[in-house]
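A.B. asks: The lines below spell out each chain.
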Amino acid sequence: MNITEYFSMLFTDYTLGVITLGTAVLGAVCGMLGSFAVLRRQSLLGDAISHAALPGIALAFLLTGTKQTHFLLLGALISGLLGTFWIKSIVKKTRLKNDTALGLILSLFFGFGMLLLTFIQKLPNANQAGLDKYLFGQAATLMVQDVYVMIGVTGVSLFFLLLFWKELKLLLFDPDYTLTLGFNTRFLDILITSFIVLAIVLGLQTVGVVLMSAMLLAPAAAARQWTNRLSVMIFLAAIFGAFSGVLGTAISASQNNLSTGPVIVLVAAVFVLLSFVFAPQRGLLARRIRFYRNRKELNLRKTLSVMYHIAQNHKDISHPHAIKILNNFHGYTRKTLNKLEEKNWVEIRGNQWSLTAKGYQEAENFYKPNEAIQDI
Amino acid sequence: MNVKNEKLAIKIDDLTVAYDYKPVLWDIDLKIPEGVLMAIVGPNGAGKSTLIKAILGIIKPIAGSVKIFGKPYKTQRAKVAYVPQKGTVDWDFPTTALDVVMMGTYGSLGWIKRPGQAQRKSALEALEKVGMLAFKNRQISQLSGGQQQRIFLARALVQNASIYFMDEPFQGVDATTERAIIKILKELRDAGKTLIVVHHDLQTVPEYFNWVTFLNVKGIASGPVKDIFNDDNLTKTYGINYKVAINP
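Chains as they are written, first to last, in the working numbering: chain A, 29 to 404; chain B, -5 to 242.
Since the hints were made in silico from the structure, they are not lab data. Virtual Cβ for every residue (Gly too), placed ideally from N, Cα, C. It is possible that part of the hints are untrue.
With the Cβ distance kept under 10 Å, some of the chain B side facing chain A (calculated, not the full set) [said to hold, decoys possible]:
id, residue
1, G104
2, Q133
3, I234
Calculated lysine to aspartate or glutamate pairs in the EDC-like style (CA-CA distance at most 20 Å, straight line) [what the hints assert, rightly or not]:
id, chain 1, residue 1, chain 2, residue 2
4, A, K194, B, D86
5, A, K116, A, D217
6, B, K180, B, E162
7, B, K54, B, E122
8, A, K121, B, D14
9, A, K116, B, D14
10, B, K73, A, D204
11, B, K212, B, D226
12, A, K194, B, E162
13, B, K54, A, D204
14, A, K120, B, D14
15, B, K80, A, D204
16, B, K5, B, D21
17, A, K125, B, D84
18, B, K180, B, E122
19, B, K68, A, D204
20, B, K54, A, D217
21, B, K73, B, E28
22, B, K212, B, D8
23, A, K125, B, D14
24, A, K95, A, D160
Pulled out of the complex, with its shape left as it was, chain A reads as follows (with noise of 0.2 Å):
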């Protein structure tokens, strides 16, 4: 099928919906929660925890036996938790960087996991088939009972963003500033991470251990592109993030073999391109595009200062001077005198040109030194 078959089939058929609905709130709730470990500068968190995550599947299976969704996932949990915390205590008891925590448990854990899924895999009763979709993810095993699960921890950790936004805030920006106000930065901490955990765990059925850290990333990082507020960016990655997972599986489901874990992350890191490129301010066009006008504008000025100066010199100001005189002065050429006409800053009359009271003004506050800092 098509996209746009895809797209008519949405709400008829069941398992797509379903599916599309999921990858959507997954989307949804990453793009919410990564905001934060992005704004924390704890990017490489999310990687951490869901590589950690991964041994923990596998005791999950050892131990029932099942490979019913549910456990396996709390399984998971427990293990991301584990790293997490983990990682936060080497930082605080011995000198090692973050970074290097990170990368030392990620690794451990992510190790011992791979070692578990070869084990299980030698093992004689066959049932075992299975598990390494959580490498990868396999959106198409999502179940309705697992979208539930996923608008239930979306919907508990938005009650909870909103309730302690006032300190979630000001941790991000300052962590010592509100410890010093009495606020319980452990606890705003543990809060934080253990949602970041949730949901990360939550995805790795549709995207898999090793991708699963771009999706908190990319709308993050594509959503801080458009908006100077917090409130806005959180809002965008959610956006972001949902859009992802449902053309995401779009694409997957209209083509063959392609699978929608690596797809939705794909889009993802499109948002990002188009962002970085084309935001409004930050974009790398905007700001080309502003460095261009600010020359021409620069060279503009350049020449008006020289008329300024050359005015300076008779009583009146608007006294005509030939246009050669202009002519060994770097920045002037016909057309920034057009320029400089069309905002009726000089007249020319033939091939003389006189400075106007207007001209005056705009070349004087030029030299005047900036707006910024007065005293008090």
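Assemble the complex: chain A is given as a structure, and chain B must be docked to it using the hints.
C.D. replies: Same frame as chain A, now just chain B:
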């Protein structure tokens, strides 16, 4: 160092802070009377910032006690405001100048309660006081270093505290802002507030401050600038033979 019967704003006994086995602050005893504008001076690594952070409970000391107006700090938080070093936060954070200053009201609001009109009003007043009202809606990354420092000062002013701790408020600011900040600090002192400032420029100590603490892991001396700001204490603190040029 004789603090007579004046009321003590801060009293520190046997304060020791260590990273691993290495002491950063060693057995500090300090009495700071109410209503002084005090500089903490000392070489790099002397533990100046650490002293402030230990008083505020950001760093846990391994020994010692800190009393604020005779009571443990934890019960006195509302009376204390903190201006961290400018470089400790991410100035690309998505927020505005006014929003940062509003954060100063969060402590008095407590958990969950949101800032309202009253908080907004006091934040605007503080912005006006530091000459930054025109920049209230400016994204904080678009402020200069001096303007960012003014915002941090405004955030502390909003707290309306009795004691202010400031970690290098003059670092990386232009002369205009330095003058503006010291003017506000002196006004606060004249209004009876106590200010403790980590300071680097020894030349300006006599002009700006009326109280000084010399620190180099151990406490060297603490008292009125006119009594103890001399070559002897400077040499003890900085380890080299030190001559200050103090204009009579």
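A.B. asks: Hints first: check each against the structure and report whether it holds.
C.D. replies: Hints, verified against the model:
1. G104: This hint holds: G104 of chain B lies near chain A, its Cβ roughly 8 Å from the closest one there, short of 10 Å.
2. Q133: 4 Å, holds
3. I234: Check failed: Cβ of I234 of chain B comes no nearer than 30 Å to chain A, outside 10 Å.
4. A:K194 <-> B:D86: Holds, because 18 Å separates the two Cα atoms, which is no more than 20 Å.
5. A:K116 <-> A:D217: 11 Å, holds
6. B:K180 <-> B:E162: 16 Å, holds
7. B:K54 <-> B:E122: Violated, at about 36 Å.
8. A:K121 <-> B:D14: 9 Å, holds
9. A:K116 <-> B:D14: 17 Å, holds
10. B:K73 <-> A:D204: This hinted pair holds, its Cα atoms lying about 17 Å apart.
11. B:K212 <-> B:D226: Holds, because 16 Å separates the two Cα atoms, which is no more than 20 Å.
12. A:K194 <-> B:E162: 27 Å, violated
13. B:K54 <-> A:D204: 13 Å, holds
14. A:K120 <-> B:D14: Given pair K120 of chain A, D14 of chain B holds - Cα atoms ~11 Å apart, limit 20 Å.
15. B:K80 <-> A:D204: 12 Å, holds
16. B:K5 <-> B:D21: 13 Å, holds
17. A:K125 <-> B:D84: Given that 20 Å is the threshold and the Cα spacing comes to 19 Å, the pair holds.
18. B:K180 <-> B:E122: It holds: about 17 Å lies between the C-alpha atoms, which stays within 20 Å.
19. B:K68 <-> A:D204: Roughly 15 Å separates the two Cα atoms, so the pair holds.
20. B:K54 <-> A:D217: 18 Å, holds
21. B:K73 <-> B:E28: 12 Å, holds
22. B:K212 <-> B:D8: The given pair, whose Cα atoms are some 10 Å apart, holds under the 20 Å limit.
23. A:K125 <-> B:D14: 15 Å, holds
24. A:K95 <-> A:D160: Given that 20 Å is the threshold and the Cα spacing comes to 12 Å, the pair holds.
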